[in-house]
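K.L.:
So you can see what is in the structure, the chains are spelled out below.
There are 2 protein chains.
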Amino acid sequence: MNPLLDFLLVLATLIYSYLEAFVKLFVPAKRKSVAGELVLITGAGHGVGRATAFEFAKRQSRLVLWDINKVKKEIGDVSILVNNAGVITTADLLSTQDHQIERMFEVNILAHMWTTRAFLPTMMNNNHGHIVTVASAAGHFVTSFMVAYCSSKFAAVGFHKALTEELSTLGKDGIKTSCLCPVFINTGFVKNPSTRLGKILEVDEVVEALMEGILTNQKMIFVPSFQRVGLLLERLFPERTLAVLNKLTNVKFDAVIGQRSTQ
Amino acid sequence: MNPLLDFLLVLATLIYSYLEAFVKLFVPAKRKSVAGELVLITGAGHGVGRATAFEFAKRQSRLVLWDINKVKKEIGDVSILVNNAGVITTADLLSTQDHQIERMFEVNILAHMWTTRAFLPTMMNNNHGHIVTVASAAGHFVTSFMVAYCSSKFAAVGFHKALTEELSTLGKDGIKTSCLCPVFINTGFVKNPSTRLGKILEVDEVVEALMEGILTNQKMIFVPSFQRVGLLLERLFPERTLAVLNKLTNVKFDAVIGQRSTQ
Numbered sequence: 001m002n003p004l005l006d007f008l009l010v011l012a013t014l015i016y017s018y019l020e021a022f023v024k025l026f027v028p029a030k031r032k033s034v035a036g037e038l039v040l041i042t043g044a045g046h047g048v049g050r051a052t053a054f055e056f057a058k059r060q061s062r063l064v065l066w067d068i069n070k071v072k073k074e075i076g077d078v079s080i081l082v083n084n085a086g087v088i089t090t091a092d093l094l095s096t097q098d099h100q101i102e103r104m105f106e107v108n109i110l111a112h113m114w115t116t117r118a119f120l121p122t123m124m125n126n127n128h129g130h131i132v133t134v135a136s137a138a139g140h141f142v143t144s145f146m147v148a149y150c151s152s153k154f155a156a157v158g159f160h161k162a163l164t165e166e167l168s169t170l171g172k173d174g175i176k177t178s179c180l181c182p183v184f185i186n187t188g189f190v191k192n193p194s195t196r197l198g199k200i201l202e203v204d205e206v207v208e209a210l211m212e213g214i215l216t217n218q219k220m221i222f223v224p225s226f227q228r229v230g231l232l233l234e235r236l237f238p239e240r241t242l243a244v245l246n247k248l249t250n251v252k253f254d255a256v257i258g259q260r261s262t263q
Numbered sequence: 001m002n003p004l005l006d007f008l009l010v011l012a013t014l015i016y017s018y019l020e021a022f023v024k025l026f027v028p029a030k031r032k033s034v035a036g037e038l039v040l041i042t043g044a045g046h047g048v049g050r051a052t053a054f055e056f057a058k059r060q061s062r063l064v065l066w067d068i069n070k071v072k073k074e075i076g077d078v079s080i081l082v083n084n085a086g087v088i089t090t091a092d093l094l095s096t097q098d099h100q101i102e103r104m105f106e107v108n109i110l111a112h113m114w115t116t117r118a119f120l121p122t123m124m125n126n127n128h129g130h131i132v133t134v135a136s137a138a139g140h141f142v143t144s145f146m147v148a149y150c151s152s153k154f155a156a157v158g159f160h161k162a163l164t165e166e167l168s169t170l171g172k173d174g175i176k177t178s179c180l181c182p183v184f185i186n187t188g189f190v191k192n193p194s195t196r197l198g199k200i201l202e203v204d205e206v207v208e209a210l211m212e213g214i215l216t217n218q219k220m221i222f223v224p225s226f227q228r229v230g231l232l233l234e235r236l237f238p239e240r241t242l243a244v245l246n247k248l249t250n251v252k253f254d255a256v257i258g259q260r261s262t263q
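Taken in sequence, the protein lines are chains A and B. According to the numbering used here, the residues represented by the first sequence are 1 to 263, in order. According to the numbering used here, the residues represented by the second sequence are 1 to 263, in order.
These aren't lab readings, by the way, just hints derived from the structure by calculation. One thing to keep in mind: the hints can contain errors.
It does not matter which identical chain is used: a pair holds within one copy or between any two.
Derived DSS-like pairs: lysine-lysine, alpha-carbon spacing no greater than 25 Å straight-line [claimed, not checked]: (1) 247 to 219; (2) 247 to 172; (3) 176 to 30; (4) 247 to 30; (5) 247 to 58; (6) 247 to 32; (7) 176 to 247.
Can you make the complete structure from the sequences, with help from the hints?
P.N.:
Next comes the structure, spelled out in structure tokens:
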């Protein structure tokens, strides 16, 4: 292949993509129908999982609801798979017991990989489906005293990206993927979280963004969406500047494993 | 705090950091001495681990060499910890057995987290040490048919970043961290790998970059270093352009779990 031709190809794609993105600003996004679709939600017992189940129910989907202790390896005819592995214990690396590190990974990513593995063959046969990986802002940006949690959420983001790439290589364009990356949600996972970047998310806001993301086939669903700017700055700015920015955003929390701060 | 002051602070740091980086281009990097330091290497039986052990031996370090089956939870007086979890089986998600997914995570990141957890208290008491996490280019960029592998390497990168952040928050500036991210190495992990971006790495090149990175306290050691450009492009370019670029770089391999292609 000719390097000049390669360069022109990249340039043409670049211009086309930016023009397309500009046009799309003025065209409302199409939302797909999920009526009659079989939707499996793990961690459906509470929080985001529970609220998401209600949203799919409103849209006449057929629901299969699991919670973490009931994630079994069954093969079924599922077209949308949402993982949402409920409340998790977290801790800084020093106070984390060995089995807690494993458990964190199991809850945050391994169970989701096993579940995906069980349902993917059916989805691939039909070239139809949608796999939603529930990650976190912590899968992109790290926070102190959440080493094992961040690591498992990085794994979730990596899983989503690698799965997306593999499905694309295999030509399975009917199977969509989304990755949900919210900042702290008020579900009692951490106690008294606060940051200068904005208020703590409520479950409803996250589920609204998630549903919009699923129905419009968004690959990465950042809540709030300005996290994308952070990702870009992370690549552009030197380490010392990032450390100052980090200090200014002032992410704080008192303790992990708490109760919902209201109710 | 005043947003204008914040902005000025960030700007000042930014200018200072860029100036410093420019000056450093002309000043040779200082290399620390590792003579007499206790160095623990996991996966020391072969490949990068083995060659790294020789390098530390040349520099008069005291060596503790483990291989994957011998990673025990002992507390010792270790000042440099290098994980390098040898040959690993990989497979695409569909052909991966459940226990293989777990095994991949155990080998690639969980064992390293356990080991780090065992040695960190001693390092923190002395505020002295260096923790090297062996990740991969696959911890930043995904490749098809390596879903579980990529996911576990993303976890390794996340672990390194979160640990670095936590040590900084705790003021433990005597404990350094490095993360090694090489592209394919000729150790028989994949069969006949090829890419247009350059030749497959030999163990010696990787170890040379690793040693230079450790001795100069580099946080992220990319081999080859132009991966940094890829990371930036990933944030700047639209998805379609990235897909074209991806196709042009043409990363390929025949099979996983093979033998070293020479010898």
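K.L.:
None of the hints should be skipped; say for each whether it holds.
P.N.:
Status of the hints after comparison with the structure:
Only between protomers do residue 247 and residue 219 lie at most 25 Å apart by alpha-carbon distance; the minimum there is 19 Å, versus 30 Å within a single protomer. In this assembly of identical chains, residue 247 and residue 172 lie within 25 Å of each other by CA distance solely across copies; the values are 17 Å between and 43 Å within a copy. For a Cα distance limit of 25 Å, the shortest separation of residue 176 from residue 30 inside one copy, 15 Å, qualifies, whereas the shortest one across copies, 49 Å, does not. With identical chains, the CA atoms of residue 247 and residue 30 are never at most 25 Å apart, being 40 Å at best within one copy and 28 Å at best between copies.
Taking CA atoms no more than 25 Å apart as the test, residue 247 paired with residue 58 passes in neither setting, with 42 Å inside one copy and 41 Å between copies. Proximity of residue 247 and residue 32 under a CA criterion of 25 Å is satisfied in neither setting, with 41 Å inside one chain copy and 29 Å between copies. In this assembly of identical chains, residue 176 and residue 247 lie within 25 Å of each other by CA distance solely across copies; the values are 20 Å between and 37 Å within a copy.
Hint compliance for this structure: hints 4, 5 and 6 are broken, all remaining hints hold.
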